[in-house]
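Q: Protein chains in written order, with our numbering: chain A, 63 to 158; chain B, 117 to 239; chain C, 5 to 134.
You may find that some hints are simply not true.
[What the hints assert, rightly or not] In silico negatives: residues of chain A with every beta carbon more than 10 Å from chain B: (1) MET63; (2) SER73; (3) ASN82; (4) ALA85; (5) LEU132; (6) SER137; (7) ILE139; (8) GLY143; (9) GLU149; (10) PRO152; (11) ARG153.
[Said to hold, decoys possible] Calculated cross-link-like contacts (lysine-lysine; reagent style DSS-like; alpha-carbon spacing at most 30 Å): (12) LYS86/A x LYS108/A; (13) LYS180/B x LYS86/A; (14) LYS180/B x LYS213/B; (15) LYS180/B x LYS88/C; (16) LYS88/C x LYS66/C; (17) LYS86/A x LYS122/B.
If you're looking for bench data, these hints aren't it; they were derived computationally from the structure.
Heads up, the beta-carbon is just placed ideally off N, CA and C, and yes, glycines get one too.
Chain by chain, the residues run as shown.
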Amino acid sequence: MILHTLNASPSSIAFMDCVNIIAKDDALVLMGDGVYAALADTDASKALQDTDARLYVMAADALAAGVTNLAVAVSRIDMDGLVALTETFPRQQAWY
Amino acid sequence: MTAAPKKTVLIVLRHSPYGSGLAKAALDAALASAAFDQAVDLLFIGDGVLQLQPDQDSTSLGMKNMGRQLASLPLYDIDHVYVDAQAAARYNMDLSKAPLHTRQLDDHEIRQLMVGYDHLLGF
Amino acid sequence: MIYSLLVLSSPFSGHCSRSAAEFAHCVIARGHTIHRIFFLDAGTLASAASSVSAQDEDTSLKGWSELADQHGVDLAICITSALKHGMLDQVEADRHERRCATINPLFTVSGLGQLVDACASSDRLITFGG
């Protein structure tokens with residue numbers, strides 16, 4: 063089980079590397095420019111949904127970016143929620 | 117240093133050698149781990165494989181040669197080094213000429229590798 | 005659980021550094037301990053004492069300062085990265101014949117051995133980059 067954090071836009075190499083590695087036992091938290099991958103009906107969010115991993119977006123970052131129309135599989139979390147995820151997942155991989 | 121039970125650490129290198137300070141920071145962290153007798157393994161993934169490009173010569177940039185520094189890692193008992201085979205192929209890289217001996221992994225094997233460590237340090 | 009953080013993000017590029025400080029506050033609020041926060045590469049700029057931001061903008065320094073002040077969290081900046089980025093305490097300023105210290109005294113100039121120790125001593129090692 064790996065908690066992935068993505069702090070780069072879906073056009074980035076970081077997004078590509080992350081999507082290639084992530085598996086269904088993992089979780090992904092989108093933050094910073096990563097929130098754009100949560101936009102509904104985009105190739106990026108579809109690629110994330112196809113991984114079957116648990117998908118989250120940092121609510122404050124999404125709000126700042128105007129990312130309000132989220133893909134169905136992505137849940138908003140706050141910072142407390144991110145800490146809760148780190149309690150469950152023993153290791154984190156930061157993609158940026 | 118505390119006498120805590122050792123944790124296993126994988127340093128994940130994702131950036132090219134000279135485009136940012138991250139490659140150097142990762143190398144320094146690896147060497148520091150070796151100096152304190154804490155085992156660390158390395159994984160070059162994505163653009164990180166470019167650190168293994170043969171025949172680097174950074175003299176005219178006034179920067180230390182990353183390839184040469186990586187070649188010295190086995191002297192410090194850092195010899196479990198893994199590389200993203202797909203990324204290396206994308207750059208048409210001949211890994212037999214890389215400064216370090218590496219074990220090539222596909223995407224599935226990369227994730228299987230990662231779940232075997234307590235900590236992943238992403239550079 | 006015992007947490008340590010590795011901060012690579014510059015506080016002046018995006019808001020990842022600020023988010024890292026907020027994460028650390030939440031870790032403590034949820035009852036965990038922070039062993040160390042280690043700043044490396046551009047992350048060492050978080051210790052800048054003289055940065056002046058616009059009046060209507062928050063900086064990460066307040067978040068980091070409160071962690072040290074109120075919770076005694078060890079804010080360690082890597083000496084090699086710190087020097088390169090002009091982040092010097094008084095000892096380093098004197099050693100390298102620079103006019104004055106440039107870091108907020110709540111941060112400590114340290115070696116990478118402190119990062120190695122953080123890895124060995126923590127249940128969770130969370131990296132903030134980009």
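Q: It remains to establish, for every hint, whether it holds in the given structure.
A: Hints versus structure:
no. : hint                : result
1   : MET63               : 7 Å, violated
2   : SER73               : 14 Å, holds
3   : ASN82               : 5 Å, violated
4   : ALA85               : 6 Å, violated
5   : LEU132              : 25 Å, holds
6   : SER137              : 23 Å, holds
7   : ILE139              : 20 Å, holds
8   : GLY143              : 21 Å, holds
9   : GLU149              : 15 Å, holds
10  : PRO152              : 7 Å, violated
11  : ARG153              : 5 Å, violated
12  : LYS86/A x LYS108/A  : 15 Å, holds
13  : LYS180/B x LYS86/A  : 41 Å, violated
14  : LYS180/B x LYS213/B : 20 Å, holds
15  : LYS180/B x LYS88/C  : 14 Å, holds
16  : LYS88/C x LYS66/C   : 23 Å, holds
17  : LYS86/A x LYS122/B  : 29 Å, holds
When each numbered hint is compared with the structure, violations occur for hints 1, 3, 4, 10, 11 and 13.
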